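Peer 1: One letter stands for each residue in the lines below.
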Amino acid sequence: MSKPLISVRGLTKVFGDFTAVNGINFDVAKGESFGLLGPNGAGKSTTMRILAATSTRTSGTVEILDKDPEKFGPLVRAHLGIVPQEDNLDGELTVTENLFIYGRYFGLPKKFIKAKIEELLEFAQLEEKRDVKVQALSGGMKRRLTIARGLVSEPDILLLDEPTTGLDPQARHILWDRLFRLKEQGVTLVLTTHFMDEAEQLCDRLVVMDKGAIMAEGSPQGLIKQYSSKEVLEVRFGSDRNKEVAPQLSQMCERMETLPDRLLMYTEDGEKLLEQIAAAKLHPTTSLVRRSSLEDVFLRLTGRTLIE
Amino acid sequence: MSAAVEVAEKKKSSAMYAGRPYVLLERGWLAFRSSTWIPVVTGFVEPVLFLLAFGYGMGNLVGDVTAGGTTIDYTLFIAPGLLANSAMNGAIYDSTWNVFWKLNESKLYKTMLSTPLGPLDIALGEISWALIRGLVYSLGFLTVVTVLGLTPSVWALLAIPAASLVAFGFASFGMAVTSYFKTYQQMGFINIILLPMTLFSGSLYPISVYPDWVEKIIMVLPLWHGIELVRAFWFGNITSGVLVHIAYFVAMIAAGLFVTSRRLRALFLR
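In order, the protein sequence lines correspond to chains G and F.
Counting along the first sequence from 1, when you hit position 255 you're at 255 in this note's numbering, and nothing is skipped either side.
Add 1000 to a position in the second sequence, counting from 1, and you land on the number used in this note's numbering.
The shape of chain G in the complex, shown without the other chains:
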């Protein structure tokens, strides 16, 4: 295997008496799509800022293309495309001006950028908005432009912090499609998310983070296989009865999680389990059989749900 593009060892970041990132390790290989999955406050964004060479670390080592971002900030940043969590497009400029001036920040020749802009407008599906001021764009358009902007410099690595947070479902799907294209073109993607469906769709490999630490690492499917059963049966008996029937139900499956509003029963065959429950004359008000997801992995690892 060739040398990883990103190599992180024992990375720790302390703010005052709060440890945001606590000794994490991971590598990202060229062409890989790598995710940091975890709830808000898990330390994902802090880790991203350190990778982006815009934040210092308290201890540990970080190498991006063999360089320490703390010592070679501008050079490391020349390799990176950044898509931050908040929209930070230049509100005083139009769509094309935003792409143009961003390329100039990298010192790219005007001719190069002008040719690149055409390509990026097509990629971001913003050809018709080229001379519109960015304030007039919808949330989804702004996010696509931010990604296009991050690509002006033809980065080796694209860093995306919560790329679809705050977007409606349709805009999310368009964005996923665009990111999937980049992945197919071989762009190395590193993204943070607290949406397990996003992580499943986009990541070849991911780490599950909680309270500044990495809880598990693997491919989405690998993690599900390792930490969860094939299927999940979700049953509701109403908030009072859930607790009552829980001890009896937990005997019937491999593992059970009790959430405030429902019970999650982990099993290889959900339908069969549901029949057993019916046979025991317990009648849930609603029931649902589904495949295990990263949400279940997170619940197993931390005892909490991703979005609280």
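Worth flagging that the hints you see were computed from the coordinates, not collected in a lab.
Wrong hints could be hidden among the right ones.
Where chain G lies over chain F, by a calculated footprint (3+ residues, C-beta under 8 Å) [said to hold, decoys possible]:
#1 1002 to 1009
#2 1018 to 1026
#3 1029 to 1042
#4 1106 to 1113
#5 1116 to 1123
Here the structure is a predicted model, which means the values were calculated and not measured.
Ideal Cβ positions, reconstructed from N, Cα and C, are used throughout, including at glycine.
Keeping the supplied structure of chain G fixed, place chain F upon it in accordance with the hints.
Peer 2: Chain F only, in chain G's frame:
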């Protein structure tokens, strides 16, 4: 290797400086092209109004003024002082309110610092933009004054580089101070300082009218040095005192650049 990386490896860039402050001017121009002209016009009109109101209004009452041993017409006396004021206004407008907006609201500098640009690129670029605005204001003012027939000699042309130095000093210092402000209320302090400085620094009358101790305070403030510097060139009255004024502004520029770039790093690269 991508073009961006090639650029970065070719330039000997440090963590503070990528050697591209001029891209800030390009950005300033793009934004300026489509922005409203009203604040630009008011900034330019203000000293012209002062000149008309005081020069022709008060001037008729005051008559001639004796300053530094020579007696001159009052309107002629206040013109160079107002030119220094004009340069200061132009520089301050961009380096305080506009910088405050880009620091705290639009987060433009934060965005720039996620590219290979360094804090010193931003400080130098923004201060240069403010300097250009100061220069444009003073050129405009000089044109009006010349049309009114108030320029004493070709020496007055030298007042333009002098006014640029004044603009540069205020831009640099203004941005440094603004980088510490977090709220609009704090920004109000700038006006509290600027207005009395504008009124009392000797643009409208010689500061020799004050008691000794007031005069000493005024002589510590930058605008007085700016006015004296511009006035010296305006009348071609170059003495060794000019060097002190120049040194004052060079120090102001250096301190402002140093503080601003350090502060940007502390704010966005931590």
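Peer 1: Next step is simple, just say for each hint if it's right about the structure.
Peer 2: Taking the hints in turn, this is what the structure says about them:
1. Against chain G, the stretch 1002 to 1009 of chain F contributes 7 residues with a C-beta closer than 8 Å to a partner C-beta. That satisfies the three-residue criterion, and the hint holds.
2. Coverage of the stretch 1018 to 1026 of chain F by chain G holds [criterion: at least 3 residues with CB-CB distance below 8 Å; count 4].
3. As drawn, the stretch 1029 to 1042 of chain F meets chain G at 4 residues by the rule of a beta-carbon pair under 8 Å; at three or more, the given contact holds.
4. Under a criterion of three residues with beta carbons nearer than 8 Å to beta carbons of chain G, the stated coverage of the stretch 1106 to 1113 of chain F is upheld, 7 such residues being counted.
5. Judged by the Cβ-Cβ criterion of 8 Å, the stretch 1116 to 1123 of chain F is covered by chain G as claimed, because 3 of its residues qualify and three suffice.
This entry satisfies every hint, going by the numbered hints stated previously.
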